[in-house]
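Numbering follows the working numbering, in which position 263 of the sequence shown is assigned residue number 297; successive positions increment by one, without gaps.
No lab work stands behind these hints, which were simulated from the structure alone.
Just so you know, these numbers come straight off a predicted model, no measurement behind them.
Be a bit skeptical, because a hint or two may be false.
Taking CB as the label site, the calculated pair distances span [stated by the list, open to error]:
| no. | residue 1 | residue 2 | range |
| --- | --- | --- | --- |
| 1 | Gln119 | Asn283 | 28 to 36 angstroms |
| 2 | Glu361 | Lys248 | 44 to 52 angstroms |
| 3 | Ser579 | Asn627 | 22 to 30 angstroms |
| 4 | Arg710 | Pro596 | 26 to 34 angstroms |
| 5 | Gln119 | Lys172 | 28 to 36 angstroms |
| 6 | Ser579 | Glu779 | 48 to 56 angstroms |
| 7 | Met199 | Lys110 | 32 to 40 angstroms |
Derived lysine-lysine pairs resembling DSBU-like cross-links, with alpha carbons at most 30 angstroms apart [said to hold, decoys possible]:
| no. | residue 1 | residue 2 |
| --- | --- | --- |
| 8 | Lys818 | Lys734 |
| 9 | Lys733 | Lys626 |
| 10 | Lys235 | Lys248 |
| 11 | Lys500 | Lys626 |
| 12 | Lys174 | Lys500 |
| 13 | Lys162 | Lys174 |
| 14 | Lys125 | Lys172 |
| 15 | Lys235 | Lys325 |
| 16 | Lys104 | Lys125 |
| 17 | Lys530 | Lys510 |
| 18 | Lys325 | Lys626 |
| 19 | Lys500 | Lys510 |
| 20 | Lys507 | Lys473 |
| 21 | Lys268 | Lys207 |
| 22 | Lys207 | Lys426 |
| 23 | Lys69 | Lys125 |
| 24 | Lys155 | Lys103 |
| 25 | Lys843 | Lys818 |
Backbone N, C-alpha and C fix where the C-beta goes; we use that ideal spot for every residue, glycine too.
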Amino acid sequence: MLFLWAGLFLCTGLNAAVPDLTPEENLWLITHDRKVRLAHTPDWPPMDFLGQDGTPSGMVADYIRLIEKKLNFRFKIVRVNSWDQMLEMAKDGTIDVISAGQETRGRREFMSWSTPFLNLKTTIIVKKQHRGELTLEKMKGMKIGVVHQYAVGEFIREFYPQLTMIDVPSSVKGIRMVCFGELDAMITELPNALHIIEMEKIPNLHLGGDTGFKLHHGMGIRKDWPLFSTIIEKALATVTEEEHKNIYNRWMRLGTPVFYQTRAFWYTMLGVAGVAFFLIGSVLIWNMQLKRQVHQRTEALRINEVGLEALLALNERPHGSIREIIEFAFQQMLELTQSRFGYLALEDQDGITYVVDHSLPDAGRQFRVLNHGGGFSGETKGFWGEAVNRRKPMISNDYLRSNPQLKGIPAAHKKIVRYMNVPIFNRGEIVVVAGMGNKESDYTLSDLRQLSLLAHGMWRMIQRKKAEYAMQKSEKRFHDLLEYSPNGIAIVQNNKVVYENTIQRELMGDLNFLNPGRTPRFHQDDLAGVQAFFRQITKDELKQSEVAFRFYGKAADESRYPPTWVTCIATPIDYNDHAAYLLIFIDMTEAKNLEHLLIIQDKMASLGHVSAGIAHEIRNPLSGINIYLGTIEKYFRNPDKADKIDASIQAVRSASGKIESVIKRVMNFAKPTEPRFAFIHINEPVREAIKLTNFSLNKKGINITQNLDDELPRCHAEPHLIEEVMLNLINNAADALSQVRDGGEITISSHSTGESIVIQVADNGPGIPRDLREKIFDPFFTTKAHSTGIGLSLCHRIVTDHKGRLELKHSSRDGAAFIIKLPVSPSGAR
């Protein structure tokens with residue numbers, strides 16, 4: 035049989051087609067034999083990759099060997115670490131030939147490309163939970179991985195710019211990220227995807243669909259070698275369909291093979307032949323070997339299942355801390371690889387190393403922690419240095435031979451038979467070393483893959499947990515910043531208030547500030563500006579960033595004086611990955627009140643100047659009038675007409691006295707004198723004021739009702755000033771009633787609250803409009819046609835001088851109610 039297969043192979047080789055080369059082309063090949071620098075892709079199985087011994091393997095490597103055979107020519111192989119590095123070396127002329135690649139517009143600038151000899155579909159790899167056929171049009175919103183600088187990535191970015199593309203260093207890395215949920219999908223060549231899934235033993239992935247994009251790979255040749263490009267074209271043209279098919283079938287396993295091509299069939303045939311050529315004993319031996327193989331395969335499948343379960347448990351199990359993640363992963367590594375000891379070193383965990391403690395009864399499950407503050411020290415490099423230097427996992431089933439000096443071995447583990455190491459790198463720096471040792475049987479590539487998957491999974495979980503910690507801290511800082519701000523803060527998103535801090539709720543209550551037109555609590559003078567401002571926010575057309583307005587603390591029928599002043603500042607922000615507005619509400623009421631007092635003081639100063647001028651201009655003529663009246667009285671007294679003259683003189687004197695009284699009032703308002711307080715019963719000046727106004731009120735048909743508490747305590751007050759305040763309030767109430775009706779009623783009451791004496795003047799008139807209430811105590815403000823606007827301002831000042839308060843409230847009969855609150859003297863007696 036062997037001779038037969040050898041003969042067939044030789045015949046096939048003799049009949050293989052060879053290119054028809056010119057003398058010049060043959061001379062070029064002789065001159066450049068073993069000098070043309072060719073680089074293979076190191077991690078693109080099964081198309082092109084480096085085998086365990088470092089030699090090029092895969093479909094592309096077979097094509098290169100076939101071309102070398104046809105041309106009787108050898109390339110000089112140059113090692114590269116990645117596809118990115120190979121492209122850079124081709125650009126700077128460090129290599130002459132790229133073994134295989136897709137021709138693109140960018141790559142044509144530095145390489146000539148042969149006719150494609152490898153035509154591959156690109157497929158979409160997703161988790162098995164994803165149902166339905168996927169296409170590029172259906173993948174919007176998904177995180178899609180593609181190898182950095184691969185042609186399929188350039189194609190998708192050009193024709194599907196709306197897709198979210200994430201570059202990964204290799205197909206193996208990208209498919210692992212899909213397995214762990216870090217990517218939603220990975221796009222790569224179909225053979226590459228099938229090979230990785232099979233070799234990595236990943237059961238939770240499948241082919242989710244076809245991208246519709248084919249890759250046509252040819253050889254890349256430096257642009258200044260057109261003659262060599264022609265030679266390669268001739269060599270590729272001689273590759274027969276049978277040769278293409280042989281290479282393809284060697285590396286591709288699609289569908290179920292025909293029964294006579296299966297290994298089981300030939301094992302059966304060999305068994306039958308063995309029975310025919312050997313005795314029954316040989317059959318029994320063969321059966322025993324078969325059983326052992328089945329047992330080994332079954333055990334391997336079981337270990338793979340356990341590994342996948344451990345991986346899923348690591349990914350899905352809730353972990354309270356990074357320490358718990360590390361300890362759980364370490365236990366799984368020991369159990370999964372059936373190791374008697376292990377170690378796990380982490381660079382960013384202050385050099386903590388986990389090792390099995392053999393002093394404990396169950397050494398396979400218990401471990402202790404060794405602290406190494408310096409991280410990965412040089413003394414331990416004998417333990418893991420080779421794996422780190424070669425930047426890939428390593429197995430040694432004869433440890434003494436690989437590390438005869440036993441460098442870097444912990445004291446508890448001097449006797450090491452076999453071990454394996456998996457280093458993990460992040461951005462070129464080593465971050466984790468996982469090692470397992472002393473399995474009862476030899477370590478296999480399956481053990482190494484399982485350990486690698488668990489170590490990578492653990493590292494990703496640690497990074498995810500760190501990200502969670504950082505996000506929690508960030509969210510807490512943001513929440514504290516908002517919650518403990520001295521100002522009211524609200525966040526508006528999609529025309530809804532999605533957040534309000536405590537200050538904001540206390541400041542504005544249930545005020546619907548986004549729709550100010552629907553609530554009567556906004557001050558009418560500010561309503562138009564507020565509506566315009568918040569309309570910009572609801573329409574997402576913010577042009578002004580600030581607005582000031584007034585509002586009342588309750589609904590319109592229960593509103594109180596004064597309103598609250600607020601300044602609102604709006605800023606566009608991003609909140610939970612969506613556009614929103616941050617609104618800051620600053621309470622400006624106290625500042626406005628201070629501003630209001632300053633304005634009143636300015637008005638008072640102006641009034642002082644005016645009243646002083648009036649007094650100066652009028653007082654001298656009045657003095658002259660009084661002198662002349664005295665002279666008339668003395669020298670021109672006529673006994674016959676004395677009664678008439680006396681009456682005239684008395685009238686002149688009375689008018690003069692009234693003018694003088696007005697001047698005194700103006701002067702007192704502008705430059706008040708100190709009140710002359712006395713220890714009095716407050717009802718006395720109140721009754722005096724009622725007595726003085728009773729006649730005029732009865733004439734107008736207005737009824738005045740008294741409800742005075744005779745048991746009030748005494749207080750310090752000046753009776754004449756209190757009487758003046760009451761006269762002003764009663765006359766104002768009468769004027770208000772006469773504007774809307776004939777008659778009406780004024781109620782005057784007094785009572786004590788223990789600390790204060792309260793006097794109220796209430797009417798059943800029209801009341802005072804809400805928007806005017808904050809102005810009625812301002813000097814010179816009036817709504818009457820023939821009024822100076824001094825009365826209520828003078829009343830307010832007199833009550834303030836008595837250390838009291840003058841307030842305006844709604845009357846119980848819908849009119850106005852002025853309330854005077856005076857402090858009770860400490861020694862007051864009833």
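Hints versus structure:
Our hint of 28 to 36 angstroms for glutamine 119 and asparagine 283 holds, since their Cβ atoms are close to 31 angstroms apart. For glutamate 361 and lysine 248, the hinted distance range of 44 to 52 angstroms is satisfied, since their beta carbons lie about 48 angstroms from each other. Take serine 579 and asparagine 627: their Cβ atoms lie about 25 angstroms apart, and the range 22 to 30 angstroms holds. Distance hint check for arginine 710 and proline 596: the Cβ-Cβ separation is about 32 angstroms, which falls inside the suggested range of 26 to 34 angstroms.
The beta-carbon spacing between glutamine 119 and lysine 172, approximately 35 angstroms, falls within the hinted interval of 28 to 36 angstroms. Remark: the range hint 48 to 56 angstroms for serine 579 to glutamate 779 is upheld by a beta-carbon distance near 52 angstroms. At roughly 36 angstroms, the beta carbons of methionine 199 and lysine 110 sit within the given window of 32 to 40 angstroms. Only pairs whose Cα atoms come within 30 angstroms are accepted, and lysine 818 paired with lysine 734 is accepted, the gap being roughly 18 angstroms.
Taking the CA atoms of lysine 733 and lysine 626, the gap is near 43 angstroms; set against the 30 angstroms cutoff, the hint is violated. At most 30 angstroms may separate the alpha-carbon atoms for a hinted pair to count; lysine 235 and lysine 248 meet this at roughly 26 angstroms. Pair hint lysine 500 plus lysine 626 does not hold up; C-alpha atoms about 49 angstroms apart against a cutoff of 30 angstroms. Between lysine 174 and lysine 500 the alpha-carbon distance is near 29 angstroms, which keeps this suggested pair within the 30 angstroms criterion.
Note on lysine 162 and lysine 174: the hinted pairing holds, with a Cα-Cα distance of about 19 angstroms set against a maximum of 30 angstroms. Note on lysine 125 and lysine 172: the hinted pairing is violated, with a Cα-Cα distance of about 37 angstroms set against a maximum of 30 angstroms. Distance hint between lysine 235 and lysine 325 is fulfilled; the C-alpha atoms sit about 23 angstroms from each other, no more than 30 angstroms. For the suggested pair lysine 104 and lysine 125, the alpha carbons sit about 28 angstroms apart, so the restraint of at most 30 angstroms is met.
Our distance criterion of 30 angstroms between C-alpha atoms is met by lysine 530 and lysine 510, whose separation comes to about 23 angstroms. For a cut-off of 30 angstroms, the pair hint linking lysine 325 to lysine 626 is broken: about 95 angstroms separates their Cα positions. Our distance criterion of 30 angstroms between C-alpha atoms is met by lysine 500 and lysine 510, whose separation comes to about 15 angstroms. At most 30 angstroms may separate the alpha-carbon atoms for a hinted pair to count; lysine 507 and lysine 473 exceed this at roughly 43 angstroms.
Distance restraint check for lysine 268 and lysine 207: the Cα-Cα separation of roughly 37 angstroms exceeds the 30 angstroms cut-off, and the hinted pair is therefore not satisfied. Only pairs whose Cα atoms come within 30 angstroms are accepted, and lysine 207 paired with lysine 426 is accepted, the gap being roughly 13 angstroms. Annotation: proposed proximity of lysine 69 to lysine 125 holds, straight-line Cα distance about 18 angstroms (limit 30 angstroms). Among the hinted pairs, lysine 155 with lysine 103 is consistent with the structure: their alpha-carbon atoms are about 28 angstroms apart, no more than 30 angstroms.
Between lysine 843 and lysine 818 the CA atoms are separated by roughly 21 angstroms; this keeps the pair inside 30 angstroms, and the hint holds.
In the structure shown, a violation is registered for the earlier hints numbered 9, 11, 14, 18, 20 and 21, in ascending order.
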